[in-house]
Amino acid sequence: MEQPKTSFASLIEKDREERTSHDWSGTFLDYLEKVRDTPEITTLSHARIYDMIMKKGVDLIGGADDPRLQRLFGDEPVKTYRFFSDEFFGMERTIQQFVRYFHSAALQGEESRQVLYLMGPVGSGKSSLVERLERGLEEAPPIFAIDGCPIREEPLHLIPRHLRREFEKMLNVRIDGDLCPVCRWRLKEEFGGRYEEMPVHTVSISKRARRGIAVVPPVDPNNQDTSVLIGSEDISKLDRFSEGDPRVLDLNGAFNAGNRGIVEFIEVFKNETEYLHAILTATQEKFVPAPGRHGTVYVDECIVAHSNEAEWQKFKSDHTNEAILDRIVMIRVPYNLRLSEEVKIYSKILGKSGYRHHIAPHTLDVAAMFAILSRLAPTPKCDLMTKLRLYNGEEVVEKGRAKKMDVDELRDESMSEGMSGISTRFIVKALDNALADSPEGITPIHIREALIAMVKGSEMPDDRRKHYMELLQDTIHKAYLDILEKEITRAFVYAYEEQAETLFQNYLDHAEAYINRTKVKDRNTREELQPDEAFLKSIEEQIAIIGTAAEGFRQEVIAYLWAATRRGEKVHYSSYEPLKDAIERKLTSSVRDISRIITKARTRDEDQREKYDQLVKNLLGNGYNTYSADVVLKYAANNLWKD
Numbered sequence: 001m002e003q004p005k006t007s008f009a010s011l012i013e014k015d016r017e018e019r020t021s022h023d024w025s026g027t028f029l030d031y032l033e034k035v036r037d038t039p040e041i042t043t044l045s046h047a048r049i050y051d052m053i054m055k056k057g058v059d060l061i062g063g064a065d066d067p068r069l070q071r072l073f074g075d076e077p078v079k080t081y082r083f084f085s086d087e088f089f090g091m092e093r094t095i096q097q098f099v100r101y102f103h104s105a106a107l108q109g110e111e112s113r114q115v116l117y118l119m120g121p122v123g124s125g126k127s128s129l130v131e132r133l134e135r136g137l138e139e140a141p142p143i144f145a146i147d148g149c150p151i152r153e154e155p156l157h158l159i160p161r162h163l164r165r166e167f168e169k170m171l172n173v174r175i176d177g178d179l180c181p182v183c184r185w186r187l188k189e190e191f192g193g194r195y196e197e198m199p200v201h202t203v204s205i206s207k208r209a210r211r212g213i214a215v216v217p218p219v220d221p222n223n224q225d226t227s228v229l230i231g232s233e234d235i236s237k238l239d240r241f242s243e244g245d246p247r248v249l250d251l252n253g254a255f256n257a258g259n260r261g262i263v264e265f266i267e268v269f270k271n272e273t274e275y276l277h278a279i280l281t282a283t284q285e286k287f288v289p290a291p292g293r294h295g296t297v298y299v300d301e302c303i304v305a306h307s308n309e310a311e312w313q314k315f316k317s318d319h320t321n322e323a324i325l326d327r328i329v330m331i332r333v334p335y336n337l338r339l340s341e342e343v344k345i346y347s348k349i350l351g352k353s354g355y356r357h358h359i360a361p362h363t364l365d366v367a368a369m370f371a372i373l374s375r376l377a378p379t380p381k382c383d384l385m386t387k388l389r390l391y392n393g394e395e396v397v398e399k400g401r402a403k404k405m406d407v408d409e410l411r412d413e414s415m416s417e418g419m420s421g422i423s424t425r426f427i428v429k430a431l432d433n434a435l436a437d438s439p440e441g442i443t444p445i446h447i448r449e450a451l452i453a454m455v456k457g458s459e460m461p462d463d464r465r466k467h468y469m470e471l472l473q474d475t476i477h478k479a480y481l482d483i484l485e486k487e488i489t490r491a492f493v494y495a496y497e498e499q500a501e502t503l504f505q506n507y508l509d510h511a512e513a514y515i516n517r518t519k520v521k522d523r524n525t526r527e528e529l530q531p532d533e534a535f536l537k538s539i540e541e542q543i544a545i546i547g548t549a550a551e552g553f554r555q556e557v558i559a560y561l562w563a564a565t566r567r568g569e570k571v572h573y574s575s576y577e578p579l580k581d582a583i584e585r586k587l588t589s590s591v592r593d594i595s596r597i598i599t600k601a602r603t604r605d606e607d608q609r610e611k612y613d614q615l616v617k618n619l620l621g622n623g624y625n626t627y628s629a630d631v632v633l634k635y636a637a638n639n640l641w642k643d
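Numbering of the sequence shown is given in full-length UniProt numbering, commencing with residue 1 and proceeding in unit increments.
Hints may contain errors.
[Said to hold, decoys possible] Think about it this way: if two alpha-carbon atoms lie no more than 20 angstroms apart in a straight line, the pair counts; the simulated PhoX-like pairs of lysine-lysine are: (1) Lys352 x Lys429; (2) Lys314 x Lys270; (3) Lys611 x Lys486; (4) Lys456 x Lys429; (5) Lys570 x Lys580; (6) Lys79 x Lys56; (7) Lys456 x Lys466; (8) Lys634 x Lys478; (9) Lys519 x Lys537; (10) Lys580 x Lys537; (11) Lys580 x Lys404; (12) Lys466 x Lys478; (13) Lys79 x Lys55.
In case anyone wonders, no lab produced these hints; they're calculated from the structure.
Input sequences plus hints: build the corresponding full structure.
Now the structure itself:
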């Protein structure tokens with residue numbers, strides 16, 4: 001059904017109505033009545049940000065219900081916040097710490113007087129996390145401020161200190177802070193001290209207009225001026241007003257602009273230490289000096305800084321920086337280390353781009369595989385590919401047994417894991433190059449070639465380049481051939497899932513009868529038969545289960561699946577990873593020879609042509625286009641089944 005068209009005029013009018021519905025203006029006395037009815041409108045910046053995050057909702061993932069999530073997160077569920085969930089992947093623990101900071105700061109504990117510092121490698125998501133907060137503030141309802149105040153301060157600052165305790169009881173709020181010099185002068189000179197008549201209005205947060213959000217980039221050490229942070233005096237007004245008159249103040253520094261919101265310091269430790277000392281009073285005392293001789297200005301803001309690990313270590317090693325270090329809450333923001341989440345990152349970025357090329361199945365997986373492997377630290381307990389699969393929550397099978405390994409122990413071995421390696425931007429540039437060079441679409445072969453070319457042309461130490469080339473030319477090459485063989489098997493085997501399920505059910509019937517020393521009842525004829533041990537062995541030998549190990553394996557399978565049934569889980573061929581692996585290998589081996597012949601043949605007879613056409617048709621149904629199917633089949637012919 002065709003959707004009714006919306007006119008431009010009605011869209012504009014609807015938006016205007018929604019925006020103006022939040023507009024409000026009145027006297028301070030009117031504002032007090034609003035506070036009495038809705039005390040939340042006076043919340044400080046940290047609490048407002050925390051409420052903004054929590055308003056979107058929280059989900060719990062992990063626990064015993066999902067085996068994969070349990071392998072990833074253990075028995076204790078991990079909180080995920082919907083405010084971040086559509087844009088950030090594989091960062092659950094980092095975001096949990098991030099939100100915990102705002103929760104503590106919202107309660108006005110010590111962390112409300114600390115700088116939130118994000119430390120991580122380039123492209124790990126530090127600035128993106130801050131940008132998400134900034135966008136959230138811009139989308140949130142406007143704040144109430146004294147009309148005409150250069151820093152949009154909280155109107156409750158108008159209440160004299162000797163009356164604040166009584167007002168706090170009446171309004172059920174806490175009143176912090178003092179009037180800025182400009183509003184103090186206006187109150188006295190324009191309103192004769194009658195603060196109840198001071199005008200109040202709503203103000204929206206805007207990064208572009210520097211209202212409630214300020215960004216401080218690194219400043220040239222030879223040209224550092226604290227006016228960037230605290231503002232300055234407008235010398236053009238000194239011919240009309242005296243130097244001590246607040247009307248000469250130009251409160252446009254970052255601390256002034258970010259009042260009631262966020263001040264973001266980019267690459268914070270590139271600045272000189274003396275320049276950073278202005279942060280101390282802004283965090284601990286909530287005051288910054290006013291320009292010239294105008295006292296201090298109260299600020300209510302969240303100060304967020306970020307930089308990379310090298311700059312952090314350099315800054316931390318200098319004992320003269322202890323005063324600043326004591327006022328920092330540091331959160332590590334490493335690269336994502338989960339394959340499935342890395343693929344989501346690339347999908348999100350490509351979705352925002354102008355590329356509409358066809359991307360064959362497993363292309364993003366191969367790119368993500370390289371990124372994750374480059375970020376992992378080697379361990380004597382397993383190879384990097386096994387570690388990648390474990391970190392992705394997969395059950396790794398070796399010699400017919402699921403590999404028992406504590407993922408948390410692996411992480412604890414390498415605390416700095418994820419703090420180096422290939423960045424997301426590097427991978428996306430390789431994808432861009434591959435897409436630009438191949439308008440018909442790209443495959444895993446294209447992206448691997450693009451990554452090899454980029455690694456060869458990049459400025460990096462020789463040992464790192466050698467390691468990356470080994471990953472691409474050996475580890476990932478072998479991993480993709482394994483994926484490709486399974487892909488072609490699925491395309492060759494008619495009704496792959498049904499055949500796998502049939503093998504699984506038959507195996508269960510015969511294994512259970514073998515263990516219980518009973519007979520198998522044929523599903524069609526109802527005839528009772530002896531367990532077919534030759535059939536059982538043909539499955540088990542696919543994963544090197546032979547001899548005396550076979551009986552133990554059969555007992556494990558039946559026990560595992562019986563327990564799963566008791567828990568109310570639906571049992572199917574992929575329920576038990578070792579048996580799933582064996583069944584898939586059995587199906588692969590059953591068609592390997594015919595696959596090899598048909599894909600490698602330069603000329604095909606009628607029967608082979610029919611099978612090949614059906615193979616291509618099935619690949620098209622699995623997400624390939626004609627071009628990418630042709631590319632991967634030629635690659636398989638040249639690399640997968642060598643003579």
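Hint check:
Proximity of Lys352 to Lys429 is assessed by CA-CA distance (about 14 angstroms); at most 20 angstroms being required, the pair is judged to hold. Note on Lys314 and Lys270: the hinted pairing holds, with a Cα-Cα distance of about 10 angstroms set against a maximum of 20 angstroms. At most 20 angstroms may separate the alpha-carbon atoms for a hinted pair to count; Lys611 and Lys486 meet this at roughly 17 angstroms. Taking the CA atoms of Lys456 and Lys429, the gap is about 14 angstroms. The hint holds against a cut of 20 angstroms.
The suggested pairing of Lys570 with Lys580 holds, with an alpha-carbon distance near 15 angstroms, which does not exceed 20 angstroms. Between Lys79 and Lys56, the direct Cα distance comes to roughly 13 angstroms. Compliance with the 20 angstroms bound is thereby established for this hinted pair. Among the hinted pairs, Lys456 with Lys466 is consistent with the structure: their alpha-carbon atoms are about 9 angstroms apart, no more than 20 angstroms. Simply put, Lys634 and Lys478 have alpha-carbon atoms about 16 angstroms apart, close enough for the 20 angstroms limit, and the pair holds.
Simply put, Lys519 and Lys537 have alpha-carbon atoms about 17 angstroms apart, close enough for the 20 angstroms limit, and the pair holds. As the CA atoms of Lys580 and Lys537 are separated by approximately 15 angstroms, the hinted pair is consistent with the 20 angstroms bound. Distance restraint check for Lys580 and Lys404: the Cα-Cα separation of roughly 17 angstroms lies within the 20 angstroms cut-off, and the hinted pair is therefore satisfied. For the hint pairing Lys466 with Lys478, the CA-to-CA distance comes to about 17 angstroms; that is within 20 angstroms, so the pair holds.
Distance hint between Lys79 and Lys55 is fulfilled; the C-alpha atoms sit about 14 angstroms from each other, no more than 20 angstroms.
No hint from the list above goes unmet by this structure.
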